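Here is what each chain is made of, one letter per residue.
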Amino acid sequence: MTAKNILVVCGTSVATSTVVKEALKEKLPARGLDIGTIAKAKATEAPGKVSSGNFDLIVTTTQLNKDKFDIPVIHTTAFMTGIGQDEVLDDIVAALED
Amino acid sequence: MAVPEVLLQSGVSSLLNSINSVIQSLGVSVLLPIIIFLIALAFRVDVLKAARSSILIGIGFIGINLVIGLFSENISPLAQQMVEVTGITLPAVDVGWPAAAAIAFGIAELGVWMIPLFVVMNLVLFAIGFTYTLNVDIWNYWHFAFIGGLVYMSTNNWLYSVAVGLTLGLFVLVAADWTQPAVEETFDTPGISIPHGTSAPYAVAAIPIHWAVDKTPLGNIEADPDAIQDRFGILGEPIFVGLAIGLVIGIAAYSNALFVAESWYAILTAGISFAAVMHILPMMVGILMEGLTPLSESIRNYMTSRFEDRDMAIGLDSAILIGHESVIASSLLIVPIAIVMSIILPGNDVLWGIDLATFPFFFALMVPIMNGNIVKMVVTGTILLIPLHYISSAVAPLLTQAAGSAGFDLGGRGLITSPVADAGSPATGILALIPAPVALAVGLIIVLGIWVALRTWPQRMYMVAGASEEKARETVERRHTGKGGGLLPNKIGSTVDATSAEGRSDD
Numbered sequence: 517m518t519a520k521n522i523l524v525v526c527g528t529s530v531a532t533s534t535v536v537k538e539a540l541k542e543k544l545p546a547r548g549l550d551i552g553t554i555a556k557a558k559a560t561e562a563p564g565k566v567s568s569g570n571f572d573l574i575v576t577t578t579q580l581n582k583d584k585f586d587i588p589v590i591h592t593t594a595f596m597t598g599i600g601q602d603e604v605l606d607d608i609v610a611a612l613e614d
Numbered sequence: 025m026a027v028p029e030v031l032l033q034s035g036v037s038s039l040l041n042s043i044n045s046v047i048q049s050l051g052v053s054v055l056l057p058i059i060i061f062l063i064a065l066a067f068r069v070d071v072l073k074a075a076r077s078s079i080l081i082g083i084g085f086i087g088i089n090l091v092i093g094l095f096s097e098n099i100s101p102l103a104q105q106m107v108e109v110t111g112i113t114l115p116a117v118d119v120g121w122p123a124a125a126a127i128a129f130g131i132a133e134l135g136v137w138m139i140p141l142f143v144v145m146n147l148v149l150f151a152i153g154f155t156y157t158l159n160v161d162i163w164n165y166w167h168f169a170f171i172g173g174l175v176y177m178s179t180n181n182w183l184y185s186v187a188v189g190l191t192l193g194l195f196v197l198v199a200a201d202w203t204q205p206a207v208e209e210t211f212d213t214p215g216i217s218i219p220h221g222t223s224a225p226y227a228v229a230a231i232p233i234h235w236a237v238d239k240t241p242l243g244n245i246e247a248d249p250d251a252i253q254d255r256f257g258i259l260g261e262p263i264f265v266g267l268a269i270g271l272v273i274g275i276a277a278y279s280n281a282l283f284v285a286e287s288w289y290a291i292l293t294a295g296i297s298f299a300a301v302m303h304i305l306p307m308m309v310g311i312l313m314e315g316l317t318p319l320s321e322s323i324r325n326y327m328t329s330r331f332e333d334r335d336m337a338i339g340l341d342s343a344i345l346i347g348h349e350s351v352i353a354s355s356l357l358i359v360p361i362a363i364v365m366s367i368i369l370p371g372n373d374v375l376w377g378i379d380l381a382t383f384p385f386f387f388a389l390m391v392p393i394m395n396g397n398i399v400k401m402v403v404t405g406t407i408l409l410i411p412l413h414y415i416s417s418a419v420a421p422l423l424t425q426a427a428g429s430a431g432f433d434l435g436g437r438g439l440i441t442s443p444v445a446d447a448g449s450p451a452t453g454i455l456a457l458i459p460a461p462v463a464l465a466v467g468l469i470i471v472l473g474i475w476v477a478l479r480t481w482p483q484r485m486y487m488v489a490g491a492s493e494e495k496a497r498e499t500v501e502r503r504h505t506g507k508g509g510g511l512l513p514n515k516i517g518s519t520v521d522a523t524s525a526e527g528r529s530d531d
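Residue numbers (the numbering used here), protein chains in the order written: chain V, 517 to 614; chain Z, 25 to 531.
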């Protein structure tokens, strides 16, 4: 399996996306996934960054129009609230294994 | 081993003096990591993780200082020249929220101490039933440090500064409870509230303005936010906004020599430098945020684990609302309006820069109030821009002084400000610009006024903040009936408020 690249999106690419990026970096390897880059982006930059074709999945903390992307989009606040993290990690793994 | 004689001779006071001078010569990029390390250990973060976090925070500060240095080297002389050539005097350069946040946390006398102080206050307020929100978004405690820091610069009084900082903290908690049903409904964020120091004051100030705007014909115009966002496309990204502003300032500065090749070297350099600052500064702040993340996780667990059986809203950053298409579209449309206003408003000092990319925070909580109607959002926002310019102009000297205190090198080149977050916020106008005792009294009266209104007419209040009648009633039933977990009442007066009673008789 090739390494998967994830784009983490929030309003500023500073605050909540950093929390998610750190959580993914820590928790995904334990689930046997080979993770390449985890990059951050602002909501306004997401379409541009995704169109490069380098990303396999978007994890976003803010609403995004899913129709604008040809890769899976997972919308979650679980990594900030601490509630339901395991379920979201399951979803992320499932989306990347497809 | 010999004890230094000076200490033996003059005892404790001299010891304290030497500690003080050590602290002052260390500088923020060393001192702040040490303080964060101690706070992290107190909240039981693993020692190595705490050490890594602290070092990252020091690195973030050094990075931010580098970028601010680049900015003041390139932009400030141009702004000076623009004044000479065009006669437009805008001495307060907008360095944006990333710098404002770093300055706020970097003020040695207060800064990050706001983190444990606010955590304790929030836990007590939750325990007694004053608020339903646990604000675990410690990054955004910078807003409280910011306002406290400005007060410290004007009063030199630590107690006032802390009290005023915590008053903004109180306000955002009450505002978060108030807007929570509307936010949950509009943005599909169950169990989350938004105690945000930038978004909440603007949204509350927007309520009466929007009420008036809605009575005019403007209230009936609709515009499609998605189309606007698509039209701007990639051009709406901050680097393009930065490039454009840099070019405009450059052209203004060299408007008397536009046919000289050298002028265009300088103009193009200004464009790229501005775009660079716009792009790099948030990255540097991201390093600070990465450093704060482990502390933020343990504070979250520390706070939420205490009240597992209580109805609570987890307070998060309004960054999670900003992908909404109405937010993005309004934030793009208001940029040219802001620039024009900065030139035509008499007495304005603000030269727009980085915070042109911060408007999403300004608009985030207005979406439910105005049903996502971007015409109303932009018109209301434009009216709010008037006080914003004057407040952020008036605050600029204090903020510039605070930046010096936080160890940022501005090279003595004029004033700085951060108009959207939070130098021009109505909260800053009330809390930092009027004398501290009066500001405290006014702030507390506003907070208590909203609190009493929320407990007396909860359904009406939730609807004012943008919740549907159904959502408001559902929240009242869940939250304001029966006894709450705390000492304070969930409801003042009769069990249901007037609109609620009418609503029920319709059932």
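For the record, the hints were derived by calculation from the structure and aren't laboratory data.
Where hints are given, some of them may not hold.
[What the hints assert, rightly or not] 30 angstroms max Cα-Cα, derived DSSO-like pairs, lysine-lysine: (1) V/K520 with Z/K73; (2) Z/K239 with Z/K495; (3) Z/K73 with V/K543.
[Claimed, not checked] Across the chosen pairs, the derived CB separations fall in these ranges: (4) V/R547 with Z/G93: 40 to 48 angstroms; (5) Z/L72 with V/K543: 50 to 58 angstroms; (6) Z/D212 with V/G548: 30 to 38 angstroms; (7) V/A546 with Z/P140: 38 to 46 angstroms.
Fair warning: this is a prediction, and the values are worked out from it, not measured in the lab.
Glycine included, each C-beta is placed from N, C-alpha and C at the ideal position.
How the hints compare with the structure:
1. V/K520 with Z/K73: holds, 26 angstroms
2. Z/K239 with Z/K495: Holds. Z/K239 to Z/K495 sits at ~25 angstroms (cutoff 30 angstroms).
3. Z/K73 with V/K543: Within the cut-off at roughly 15 angstroms; holds.
4. V/R547 with Z/G93: 40 to 48 angstroms: holds, 43 angstroms
5. Z/L72 with V/K543: 50 to 58 angstroms: violated, 18 angstroms
6. Z/D212 with V/G548: 30 to 38 angstroms: holds, 31 angstroms
7. V/A546 with Z/P140: 38 to 46 angstroms: violated, 32 angstroms
In summary, the numbered hints that this structure violates are 5 and 7.
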